[in-house]
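Asker: Below are the chains, spelled out letter by letter.
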Amino acid sequence: MAELSVTVNGMPLPLDGVAPSVSLLDALRAQGLTGAKEGCAEGECGACSVLVARPAADGGSQWVAVNACLPPALSYAGQEIVTAEGLGSPGDLHPVQAELAHRGGSQCGYCTPGFVCSMAAEYYRPDRAGLEGTEASGVGNDHQDHHNHHDRHDDGPNGFDEHALSGNLCRCTGYRPIMDAAHALGRPAADDPFAARRAQAAPEPVPAHVSVAGYEYVRPETLAEALDLLAAHPDAVPVAGSTDLGVVTNLAMYRPQMLVAIDRLPELRTLRATDERIEIGAAVTLSEAESWLAGRVPLLDALFPQFASRLIRNAATFGGNLGTASPIGDGAPALLALDATLTLASTEGTREVALSDYFTGYRQTVRRPGELIATISVPVAQPGMVAFHKIAKRRYDDISSVAVAYAIDIEGGVVTRARIGLGGVAATPLRALATEAALTGSAWTEAEVDRVAEVLAGEGTPLGDHRASEAYRRAMLGTSLRKLYAEHAPATTGAAR
Amino acid sequence: MTVVDDRPATEVGSPRRRKEDARLIVGRTRWTDNLTLPGMLHLAMVRSPYAHARITSVDADAARQAPNVVAVLTGEDVKDIQGGLPCAWPITPDQKAPTHPSIAVDRVAFAGEIVAVVIARSPGEARDAAELVDVEYDELPAALELKAAAADQTLAHPDLGTNTSAVWTFDSGAAGTGGDVEAAISAARDGGIVIEREYRQQRLIPAFMEPRSFVCDPTGEQLTIWSSTQVPHFVRIFTAAVLGIPESKIRVIAPDVGGGFGGKLQFTPEEVITVLAARHTGKPCKYTETRSESLVSAHHGRDQWQKLTLAATADGHVTGLKVELLADMGAYLGLVTPGVPILGAFMFNAIYTFPAYHFTCRNVFTNKTWTDAYRGAGRPEATYAIERLMDELAVEVGVDPLEIRERNWIRHEQFPFTSVCGLEYDSGNYEAATARAKELFGYDDLRAEQARRRASNDPVQLGIGVSTFTEMCGLAPSRVLGSLSYAAGGWEAASVRMLPTGKVEVVTGTSPHGQGHETAWSQIVADRLGVPFEDVEVLHGDTQVAHKGLDTYGSRSLVVGAEAVIRAADKVIEKARVVAAHLLEASVEDIDFANGSFTVRGTDSAQAMAEVVWAAFSAHNLPDGFEPNLDSEATFDPVSFSFPHGTHLCAMEVDTETGQTTMRKYVAVDDIGTIVNPLIVHGQVHGGIVQGVAQALWEEAVYDDAGTLVSGSLVDYTIPSSADTISLTVDQTTSPSTTNTLGTKGVGEAGAIASTPAVVNAIVDAVRHLGVNDIRMPCTPERVWTAIRGASGSGGPSTAAAASHLGAGAPNHDPDSGAATQGGAQ
Ligand SMILES: Cc1cc2nc3c(=O)[nH]c(=O)nc-3n(C[C@H](O)[C@H](O)[C@H](O)COP(=O)(O)OP(=O)(O)OC[C@H]3O[C@@H](n4cnc5c(N)ncnc54)[C@H](O)[C@@H]3O)c2cc1C
Ligand code: FES
Ligand code: FES
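Protein chains in written order, with the working numbering: chain W, 113 to 609; chain V, 2 to 827.
It cannot be assumed that every hint is accurate.
[Unchecked claim] Computed footprint of chain W on chain V, listed as stretches where at least three residues anywhere in the stretch have a Cβ under 8 Å from a Cβ of chain W:
hint	region
1	208–220
2	230–243
3	777–791
Don't read these hints as lab results, they were simulated from the structure.
Beta carbons are placed, not taken as given, at the ideal position from N, Cα and C, and that holds for glycine.
Go ahead and model the full structure; you've got the sequences and the hints to work with.
Answerer: Rendered as structure tokens:
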């Protein structure tokens, strides 16, 4: 086996002898790159955020921020990473770092390098719209009271998308100075090396087959190879973005005998639109899907910002989301409402399964051992009215108590078709079949909606736990439909809520 | 002295960018966990999954055989050498406390308590082997719920015979500082107003971002301990006291420390165990906790029931306040655990002229993580209670909540004012801060909007919350601490060293971990000595460098610590003046010092400080008998507390259909005296407010019926993210403190103290017309919704058995995570 390494801040960092259970974060820290830190080891805090060069749509590359605590270090073999140390030095701060210093964005500093990487990814996002004329980071252009309630849009005046920081926690600053820094960022200067780097293609991860102390890590080159491995090794576990697997590896000491990396298999990275269907490869990250879809599937557009954080979405895949079959995952309700179909692949061939037939029980599905989700597809025709309601404590990056996805068509004031996906109300994600039936053919009026809301409140078998009681979950189901109506009432005149 | 043109006229008051930042922001840092020493070993703790159990056996054989395991230490192994962890604040002479072993020997008293430690060559191997330690337990009934524990239904420590640790009382009648509360209450029952309420201060977790980490190197003559602590000096003293090591053989270093908020104001079992492991193996040892260990074993905060009785005249003049607290100590008494509620005892009367006051606190043991200081320590609890009550009183009287406060507060011309607790408030101007806050807030417009929304029955209602707070900070006059039976004093030490090249080293006994002391102290000294800001280096957090100090907490660093720095700098000037007089051939009395230069009054002959420093260094030409040394030390013991105050106004929108709340506007106008660095002050105020808001809205340490911490990960202990916060409007009014040179008051805790009641008052105000007069914190959407539904008025308990059909051991986003798998055995 050739030597494996990952390029970090322009220098190769050897990965020989690194076990599959060692995270990228631990590998970096072991080499003295201690800017990225472990604040939680479960993707919540972003103290571990680093930049990775990923392929961009134009054939060049883009800087993407990811949580280093979750993926195996080995999955980054051959790739190119930049950490806060690589962006700037005390005597020569990167514009993002300078802005943070200038605004008081760092107190204890523990979270700061993570914020730096998340902010830098957004700083270099090529399609960041912004104030023209804001040249190379103008330390000093003050910006007041940007996000008060009434203009709580998520883009700053310089096009900075606040979602870029949704996966970073800071306990000291209260965020205001960090947001001020974000909103004051200008454009990268003409001679900015990281901006220039974007013109070249991103390196592809290198195929690998590593065995350390009896634990194997394999990155196959083709789907066929992957399927063969899975067929031959019943203990083998596929890993895509590792946002789920990384958590159990770190916290529950999960140590599969063999990890099979599927995140870069070309066959699982398709993005295709035919006349009938839109197809998303199972290993496409949610962020990639979001930008490729460009609003073509409005319900998914409603879902994305409510799904975890930007850092997680930069790695997480739909394949992994449906692969875990979590009853409180957010992908399934939306895809159920969209009548999604899965293509499952194994050495035996492929088969199509409607998502509504996929889940069979708590974390159980019709997927057979050795079978992978290859693609997820939804019809091209989009429902007229969509919404994704996630009831949780925090605004973003929180776990759903209840998730409701709506896809509804109304003609002449009457509901002609309704698909409603539910999460958090049963052992599996569900279609709200009774509600769909009650709604279809009903007039889209307040009285009818009130009636059907009671049906929706009775769907599933939600249980109470420390996040929400059963009564609240049920009540919120019903309220959700009423809110939908309030937002989409016919001929809305007053302030819709 | 060359003064660069764009230099501020005075450093104090200028928003200097922080010296600390460049390093921190690029990640070139010395966090304890970054340290690697030759031959270093790593520790992993085995922790009890049970809240209360007898340990029947510990079998560590398998762990000892595991790859690269060097040793396993159990309670039995160390019981004769580990000593007991200290409590520095016995609040009463008869206070009861169990001994507090670092490694439990025969009984565990909370889930998360350490029962063994594995020492291995890598952290991973240590952790894997920790799983192999087989501990058998006999489960005992656990005292969990505070009120039941107070009634001694189940004993947390059966040997103590009771769960009550101590009862502490203050009575203004008995103390002669005010009237008799009972008389005030009976008088009010007849024609006046009596408000009786019970509020809950939920249990919180400081949740600093840097998990705690400890390194101990036993290979030198001295034992060197690196600790992510707020209190390196305490760690040194207690390591000596607990383990019987001469203090002179111990050096403690607090390198970069990633936040504390009181949570690292502790001497911990993990510190003791790291030292024990290092001495046992003779090798440097490191322990870094995981986040879930941090949440379950670093001390928690708050956790009180507050029973309150407020008596007032019919027109809303308060005549007496009676406070009866139950405070949850958790399983043990930490460094200042019992004193935390007492720090609040003198603050319930807040900014008001109450004539009679009574305070009782019963400290109660439970089988949960022990509690101790958390940002504000005692004062947020007090402020919450009184500011909630003042809103209730306003409702009873039928006036605006600001009006009711004005009827009761100390008017600015009444300062200095002696409170009903006998504390002397030196300065303040509540009228000014409130007027400014109202103006910035647009108070009248928001009230008008609130009325419109009520009239139109808008599903989204608007509420306005007021919080006018004060706090005693600058801990603390040593005599006062002594009178409260606290073990240590409250002074602070500093020295100023003049280097031959004109640079200045300032050594401070405070130990910053995010507060920017290096910057602020440099500003102060630059002004004092007339040297450039850049020429001042601030050294701290290493007992070999700063041998004397009492560290950083209680908003004390600036008002106490910086005062010591100023006094040391002034001593330097006085010494230098003698040398300057000698060099200038003038008499000392005729020498003036300004802008870094000594001049002879009435002449233009001058000597720069740098020249004087050099002269003292070369010592060629000094006055007879002059010791060739300008360096100076000072120790400052404050004579009084300082009393920052402020008016915080908060507008919250409440969706009555879902219970979702949204912050609409927040204005904070604080009077923190003279401001040294506005940038740092803004940061402290913002961060503090958001922590206080988090208590109001999101955070709670929840235990299940078995005594397992359910909110044992950042998934479930929901500290706010950037999307949850809004831009706060922060401003200041200034009435300088009269108790220190610069007139500073302290700001570290102000935001966290003031904001919690402002937010809850606003939420209650939004839905009061629906019949709600309280919502228990955190005001989650469900609690707000439940309160509106009138189910219980204050939301029920938030624990319930996790979903059985959702299976166990699942990944982090399942409903049952965070419980046994993370909070229990590691
Ligand atoms: C902080 C944090 C927040 C989160 N927030 C959310 C949220 O808001 N909503 C939500 O729904 N989820 C959330 N998650 C869960 C997780 O991010 C998602 O489930 C994600 O989609 C998983 O994708 P992945 O590629 O990372 O999966 P991986 O971790 O790589 O894999 C997950 C599982 O799926 C299997 N798998 C992966 N790909 C395939 C495939 N193609 N075919 C078959 N099996 C496969 C793997 O073997 C593994 O068992 C969160 C996770 C974290 C850490
Ligand atoms: S360490 Fe917290 S997100 Fe990675
Ligand atoms: S600066 Fe301390 S956690 Fe962000």
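Asker: Next step is simple, just say for each hint if it's right about the structure.
Answerer: Here's how the hints hold up against the structure:
no., hint, verdict
1, 208–220, "holds (count 5)"
2, 230–243, "violated (count 0)"
3, 777–791, "holds (count 5)"
Hint compliance for this structure: hint 2 is the single one not met.
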